[in-house]
Amino acid sequence: MLNLVTNNSIAEHEAAPGRITSGPKGRKPRRTLSRRNIIVYGTLIVVALYYLLPLYVMIMTSLKGMPEIRVGNIFAPPLEITFDPWVKAWAEACTGLNCDGLSRGFWNSVRITVPSVIISIAVASVNGYALANWRFKGADLFFTILIVGAFIPYQVMIYPIVIVLREMGVYGTLTGLVIVHTIFGMPILTLLFRNYFAGLPEELFKAARVDGAGFWTIYFKIMLPMSLPIFVVAMILQVTGIWNDFLFGVVFTRPEYYPMTVQLNNIVNSVQGVKEYNVNMAATILTGAVPLVVYFVSGRLFVRGIAAGAVKG
Amino acid sequence: MTGQTRGSARPNQWLRNLNAKIASVPMILTAVVIFVGGTAWTVLYSFTNSKLLPRLSFVGLDQYERLWAAPRWLVSIENLAIYGVLSLIFSLVIGFVLAALMDQKIRFENAFRTIMLYPFALSFIVTGLVWQWLLNPQFGIQSIVRSLGWTSFSFDPLYNADIVIYGILIAALWQGTGLVMCLMLAGLRGIDEDIWKAARVDGIPMWKTYVLIIIPMMRGVFITTLVIIASGIVKVYDLVVAQTSGGPGIASEVPAKYVYDYMFQAQNLGQGFAASTMMLLTVAIIIVPWAYLEFGGGRKRA
Chain A
1 MLNLVTNNSI
11 AEHEAAPGRI
21 TSGPKGRKPR
31 RTLSRRNIIV
41 YGTLIVVALY
51 YLLPLYVMIM
61 TSLKGMPEIR
71 VGNIFAPPLE
81 ITFDPWVKAW
91 AEACTGLNCD
101 GLSRGFWNSV
111 RITVPSVIIS
121 IAVASVNGYA
131 LANWRFKGAD
141 LFFTILIVGA
151 FIPYQVMIYP
161 IVIVLREMGV
171 YGTLTGLVIV
181 HTIFGMPILT
191 LLFRNYFAGL
201 PEELFKAARV
211 DGAGFWTIYF
221 KIMLPMSLPI
231 FVVAMILQVT
241 GIWNDFLFGV
251 VFTRPEYYPM
261 TVQLNNIVNS
271 VQGVKEYNVN
281 MAATILTGAV
291 PLVVYFVSGR
301 LFVRGIAAGA
311 VKG
Chain B
1 MTGQTRGSAR
11 PNQWLRNLNA
21 KIASVPMILT
31 AVVIFVGGTA
41 WTVLYSFTNS
51 KLLPRLSFVG
61 LDQYERLWAA
71 PRWLVSIENL
81 AIYGVLSLIF
91 SLVIGFVLAA
101 LMDQKIRFEN
111 AFRTIMLYPF
121 ALSFIVTGLV
131 WQWLLNPQFG
141 IQSIVRSLGW
151 TSFSFDPLYN
161 ADIVIYGILI
171 AALWQGTGLV
181 MCLMLAGLRG
191 IDEDIWKAAR
201 VDGIPMWKTY
211 VLIIIPMMRG
221 VFITTLVIIA
231 SGIVKVYDLV
241 VAQTSGGPGI
251 ASEVPAKYVY
261 DYMFQAQNLG
271 QGFAASTMML
281 LTVAIIIVPW
291 AYLEFGGGRK
301 RA
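From first to last, the protein sequence lines stand for chains A and B. The numbering of the first sequence is UniProt numbering, which starts it at 1 and goes up by one. The numbering of the second sequence is UniProt numbering, which starts it at 1 and goes up by one.
If you are wondering where the hints come from, they were derived from the structure by calculation, not from laboratory data. Only a predicted model underlies this, so the values are computations on that prediction, with no experimental measurement involved. Any given hint might turn out to be false.
[Unchecked claim] To give an idea of the chain B side of the interface with chain A (calculated C-beta under 8 angstroms), a few residues:
# : residue
1 : Thr39
2 : Leu52
3 : Ala121
4 : Val211
5 : Ile213
6 : Ile215
7 : Pro216
8 : Met217
9 : Gly220
Here a beta-carbon is modelled for each residue, glycine too, at the ideal position from N, C-alpha and C.
Taking the hints into account, I'd like the entire structure generated from these sequences.
If you want it as structure tokens, here you go:
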């Protein structure tokens with residue numbers, strides 16, 4: 001009797017997960033070609049091709065010579081692969097008076113992105129920590145203003161910022177642009193960090209307080225080591241966001257400090273001379289390369305970063 | 001609260017949590033000086049006749065009257081309306097359908113998601129330039145279809161004033177639908193598996209389950225997505241600059257570009273301020289009802 005029961009329960013045990021895993025497995029041959037699957041995969045593949053098409057065309061165009069572009073269609077692979085357009089886009093293409101290609105814009109973008117990302121994350125993480133653990137009177141009010149401010153169109157605040165930067169003597173410089181990126185990164189990042197720190201167990205914080213640790217000690221010794229994931233997410237968000245910025249770059253810097261996006265637009269949309277589509281496409285790929293690398297390398301984290309940032313927009 | 005005991009001496013009120021206050025200075029400055037101060041400044045100066053430099057000589061609603069009489073502004077508004085309505089509808093529908101397809105326990109889900117989302121990592125400038133190339137009538141889609149034998153085929157949205165805004169829409173959807181799909185997918189994953197089982201037991205067809213049960217349950221996700229898309233729409237600028245520079249003529253102008261051009265090129269600050277104040281008003285109209293629904297109504301959220 002006892003034996004029977006045990007057997008039974010084992011059989012049930014196996015059947016329960018078995019129903020899920022082995023059930024469909026048995027029917028698989030028929031299911032792979034079911035009408036539903038054809039529709040689902042068919043649609044997804046067509047959609048995927050649509051999304052990939054521009055990337056394909058960009059790469060193909062950038063590897064062709066101009067004669068081939070004039071005669072062939074944009075989808076045809078190059079008959080003769082040439083990397084000259086890439087060299088030209090990087091080192092020789094002209095914007096205005098400068099003819100040193102995108103390389104200048106690339107290094108400008110690096111010099112803008114690196115400090116902007118570091119400073120904005122440092123400031124926002126401390127803000128988020130203060131808001132989550134050391135709330136003072138009025139803090140919530142400022143935070144609310146900050147979050148609401150994130151929805152205000154940049155155009156409304158651009159000119160006052162120009163004035164503030166001019167008064168500080170940093171208008172037109174890289175420093176000024178770093179300040180602007182720090183300001184506009186603050187709402188999303190502060191929200192991100194505040195929510196993260198608020199989610200950490202409170203006992204940890206209380207125990208540290210009892211041990212006599214202060215504001216900064218707790219931040220550096222306890223909070224920082226525990227929050228690597230959120231720092232990575234914030235970094236991805238900021239690197240892609242700041243690298244891709246165009247408006248602030250064009251408004252707050254002088255031509256010699258233009259970031260890569262602005263330079264790219266100037267190269268491609270310059271009115272004089274013959275349009276060199278292959279050089280343009282190589283330049284476009286070069287500009288998109290950094291965020292694409294970040295995206296492909298970070299994989300899942302990128303999705304999480306977007307979701308986290310998107311919680312409020 | 002977590003700082004010191006509540007009953008600590010009154011005179012020290014300002015010194016309580018001093019470190020936290022010092023650490024919050026950048027946030028407070030940003031919130032008050034830039035977000036509140038800057039906005040108020042722009043709104044105030046939109047009532048002046050500032051030209052090259054901001055000047056406090058008030059002219060009442062003059063700038064606004066001039067704004068609404070300017071053909072270029074009217075075109076901008078019309079474009080924004082068309083672009084906004086269509087991109088809202090299309091990105092929500094396409095994003096949801098794609099998410100529903102991705103939610104069918106398919107294989108290679110990661111690969112598909114990667115492909116659909118990668119455009120979102122790119123700059124609007126990059127997106128704009130790629131689509132400018134694809135839609136180029138001499139080399140792009142039009143010439144391909146013509147070379148296949150259909151010689152009268154015409155598809156040149158970026159060069160035709162009547163349909164140029166749709167050309168911009170195509171690029172915008174290519175870039176943005178991946179994000180919507182991701183958000184929707186997250187929403188779908190958050191729905192209890194039992195709901196599906198119950199619906200299946202009751203014999204409700206799949207599409208009906210989506211429309212009648214799942215979508216209403218995803219109300220929160222839809223609202224969030226809607227607000228994100230909407231606040232992005234009002235700001236659209238880079239894409240237009242890269243694809244058409246507002247052309248042909250003024251056919252693809254948008255409000256954000258109007259603001260920029262009047263502030264920094266035409267040196268007519270007053271017009272720029274008035275136009276940007278109208279943008280602010282548009283956003284307020286979108287945000288206020290949302291904030292009310294989200295935070296005002298039931299007070300469910302902490």
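Now the hints, each set against the structure:
At about 5 angstroms, the closest approach between the beta carbon of Thr39/B and any beta carbon in chain A falls short of 8 angstroms, and the interface hint on this residue holds. Annotation: Leu52/B was flagged as interfacial toward chain A, and the flag is violated, the nearest CB pair being 12 angstroms apart, outside 8 angstroms. This hint holds: Ala121/B has a C-beta 4 angstroms from the nearest C-beta of chain A, less than the 8 angstroms allowed. The beta carbon of Val211/B is not positioned within 8 angstroms of any beta carbon in chain A (closest approach about 18 angstroms), and the interface hint is therefore violated.
Evaluation of the Ile213/B hint against chain A yields a violated restraint, the C-beta minimum of about 19 angstroms exceeding 8 angstroms. The restraint placing Ile215/B at the interface with chain A is violated, with a minimum CB-CB distance near 19 angstroms, outside the 8 angstroms limit. Given hint, Pro216/B at the interface with chain A, is violated; its Cβ is 21 angstroms from that chain's nearest Cβ, farther than 8 angstroms. Taking 8 angstroms as the C-beta contact cut-off toward chain A, the hint placing Met217/B at the interface is violated, the least distance being around 18 angstroms.
Taken as an interface hint, Gly220/B does not check out: its beta carbon lies about 11 angstroms from the nearest beta carbon of chain A, beyond 8 angstroms.
Checked against the numbered hints above, the structure violates hints 2, 4, 5, 6, 7, 8, 9; every other hint is satisfied.
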